[in-house]
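**Q** Here is how the chains run, residue by residue.
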Amino acid sequence: MPQPLVKSGAEIDGYTIGECVHAGGMATLWTVTHPGIDVPLLMKIPRVSEGEDPAAIVSFEMEMMILPRLAGPHVPSCFGTGDFAHQAYAVIERIPGTTLYKRLPDLPLPYEEARQLVAKIAAALADLHRQNVIHHDIKPSSIMFRDSGEAVLIDYGLSHHNHLPDLLQEEFRLPYGTAPYMAPERLLGVRDDPRSDLFSLGVLLYFFTTGERPFGEGETLRAMRRRLWRDPHPPRELRADYPPWLQEVVLRCLAIEPVWRYPTASQLAFDLAHPEQVKLTARSERLKRDPLSVAWRRRFNLGVMAPRAKSDVAAQIASSPILAVALDTVEGAGELNEALRVTTERILATLPSARLACVNVLKLNRIAIDRRLDEQGSNKHIDRLVALRHWATPLKLDESRLSVHVLEAVDPAAALLEFAEVNQVDHVIIGARQSSFRRTLLGSVSAKVASEAACTVTVVRPPRMASAKPDAGVVWG
Amino acid sequence: MLLAVFSDIHGNRQAFEACLKLARAKGAERFVLLGDFVGYGADPEWVVDTVMGLVREGAIAVRGNHDEAVNTTTEAMNAEAQIAIEWTRGRLDVAQRRFLAELPMLVDEKERLYVHSEASSPQRWHYVRSTADAAKSLISTPAHVTFCGHIHRPALYSMSVTAKMTSLVPKTDVSVPLLRGRQWLVVLGSVGQPRDGDPSAAFVLFDTVSCQITYCRAPYDIASAANKIRENGLPPWLADRLLQGR
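Sequence order for the protein chains is A and B. The first sequence runs 1 to 477 under this note's numbering. The second sequence runs 1001 to 1246 under this note's numbering.
Everything labelled a hint here was simulated from the structure, so no lab data went into it. Check the hints yourself; a few may be wrong.
[Unchecked claim] Quick list of the computed label-pair ranges, beta carbon to beta carbon:
no., chain 1, residue 1, chain 2, residue 2, range
1, A, Leu188, B, Ala1163, 55 to 63 Å
2, B, Arg1180, A, Gly14, 17 to 25 Å
3, A, Leu188, B, Ser1130, 18 to 26 Å
4, A, Ser148, B, Asp1240, 54 to 62 Å
Every value quoted in this text rests on a predicted model; they were computed, and no experiment measured them. Virtual Cβ for every residue (Gly too), placed ideally from N, Cα, C.
Just chain B, same shape as in the assembly:
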């Protein structure tokens, strides 16, 4: 079965639509959503409604720190994220906010584990910045493949049975076999706010039979997404960074 995994959509309707369309065209049969559905972008209602619809149809979704912040405090966030979350809070209705509040921190399917930040202490929202961070997450779970996002930059780590690590900056559209006999951490780029220098929307496809992972990019109408952020009076940097992919 071909899984399409998305992370950090951040209220960016244009980017998410483009990713869904491309993933379906490539034959994706099941969707996994790794959280941070809201914050930064100007279409939180549409994104949450779409995610709720996908979950009703069997998709897996986990909670991100921005989803949590909608229902709690925003003290730990930077000024722009805080402004965006407060704006978002006012846009979502009770059902949408309850959906976000009830999302699980992680979903464990034995072979595969899905989490927003990393697996060792998901509620602390640590970033995976290095092989050491990746090792910490991989040691905490027996899963063959862990999927996470949060850092908005794609990466692929593996750990052998003797705890030797490898790291790779994956190349778009090149499939990599996730060999059995070692554990893998698939770090996704962001759908709605890429920060790796490529402004196109990022997601991955995973073939559960052949265990091949493919990092994909979907070009989308960035100008419209950026304009909508400006029109709604959100911090202009949130619009500018979409164009730069930073």
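If we strip away everything but chain A, and leave its shape as in the complex, we get:
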């Protein structure tokens, strides 16, 4: 294998080498330029000479396969790769700024800042998982932020792509990665569960809000294996003012069994975006770890853990979507709301991990000043939240799967579209208003949502009455 002969001013495949900006254990990073590409570029060159860690080669091969097929704002764009036959390299977009690692001296961060930060990372992870990739090395030094605010996940050397050969599958006898952030199932050799990334993000959230790592810094296998049976100290034990909702979220991410965690990164992002709606369980108030007797029972039952079925990233995400149902709470919407409930019930029945957001738009006047109180003096916003919960009661959904939202907006369709976009909603269920003068005049909300939403939209109508005129062409919403 040829030795890398890289120095400033050299040229590789049309890229002119600038300065070395980082020399890590696995690879070196150089600024490069290329005629015709006007974004700042970095060339990553693996260390492949004699005596180097063989992991450097394998993880670089993994990055070379994965990087070119990733897209979107949450990953660095890849401009080219060169293989080991000549000079191995990957040219990626240079993200300005520093990684989250630089924030470690500031820990613990204020809760609100940490919430916003981790919500952005969860959104980035959701996008990555949708591209069939599990990152497997989520930690502060793998995370950057664009000027526009989006989190960018870097370093894919330990990642798993559901459609590509997993070169790390047999490569290492011991689990390879960053010990404090590694999910327990990784210690058992599981590499195909996207919820491993949610565990790592939970470690980061715990660390950033308490200043302490939940499982310490131990790098020995013995130290790492403790997390298979020993739960971390609840954050409230460390910080008395720790918000219960935040503890609920953190401890759910850090659950030992992946099935007890959030089913998807989108659902985690949803809770972080709506802290007031997080369903609090007993763990939100806990001040102590599980008693030793419980932990020891887990420890000595490790061998009887059920064997896992091979998981499929895409199937796992598809079975846990976020549904949003748009409801009208005005008088006379009863029939349509009943039809919406029937449709919602059918969709939920097939998706046991789905969560449902019930949304209503409180329409504001364009010019006149809005009054929060109605003619009888009760708060319109609160009344509607109550009405939404009432609508959802027959669905008998667990509280952790249900949330209610009243959006205040001038343009209901735009408000629903924005809600779906921001909350990474997978499926919108909306009623079509019956043919009316008002609809003809103002245009239809459901038509606008159906045509402009980035996700699936189901438009629901009440059952056709025997007397209804067969002019379906006019009725469509």
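Dock chain B against the given chain A, drawing on the hints supplied.
**A** Coordinates of chain B only, in the frame set by chain A:
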């Protein structure tokens, strides 16, 4: 150059026609045929004639165990395969049988090796069922990519320079880069008798420049292929299994 590789056509005209059409539409410039052109299916003459025509135009073809059985004994086969081979023998003329008898066991193009079953002992017709079987084949050749069929279920294996293996059940239409620096075993699904639960016909496309492999599936008129098997009095299970892809 874009190679289209086909294996285990097994006398299924409808499936082979659909694969050829799809491969050409996707820009295939050269064809490789990994054997078992006959046996099971009801159109052995058409399939052999078509393969002979492709070979005259530069395609590569290697011998499968069913092709060999046409000219030798069929003792090692199961009852249905045996009945089908004896029926096939009566359908092929001398030229067709000579073509099958003269097919090479493997073709070695240095970078790429083509063989019906696996590379370590091709004449013994071993199946690649596991990473251990795949490793055995990969160790026996310096080729970067080995193509084989025989098992009728698609799989992709690789071996690193330190003999570490990976295995993958490939996803249809997703291209995978076959990185240099490790060796690869591309196991094809079957054109004419898929057994991986998907009844559509299987083949692969390989880009020799970018080293990307893409596993493809071609839907075809399964009912006609199955009917012809029944009409010719071949064992009915050979027709039924086409519909099930088993």
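**Q** Each hint should be assessed against the structure and marked as holding or not.
**A** Status of each hint after checking the structure:
1. Between Leu188/A and Ala1163/B the beta carbon distance is about 24 Å. The supplied range of 55 to 63 Å is therefore violated.
2. In this structure the hint that Arg1180/B and Gly14/A lie 17 to 25 Å apart at CB holds, the actual value being about 20 Å.
3. In this structure the supplied range 18 to 26 Å holds for Leu188/A paired with Ser1130/B, their Cβ-Cβ distance being about 21 Å.
4. Look at Ser148/A against Asp1240/B: about 58 Å separates their beta carbons, and that is inside 54 to 62 Å.
When the structure is compared with the earlier hints, a violation turns up for hint 1 alone.
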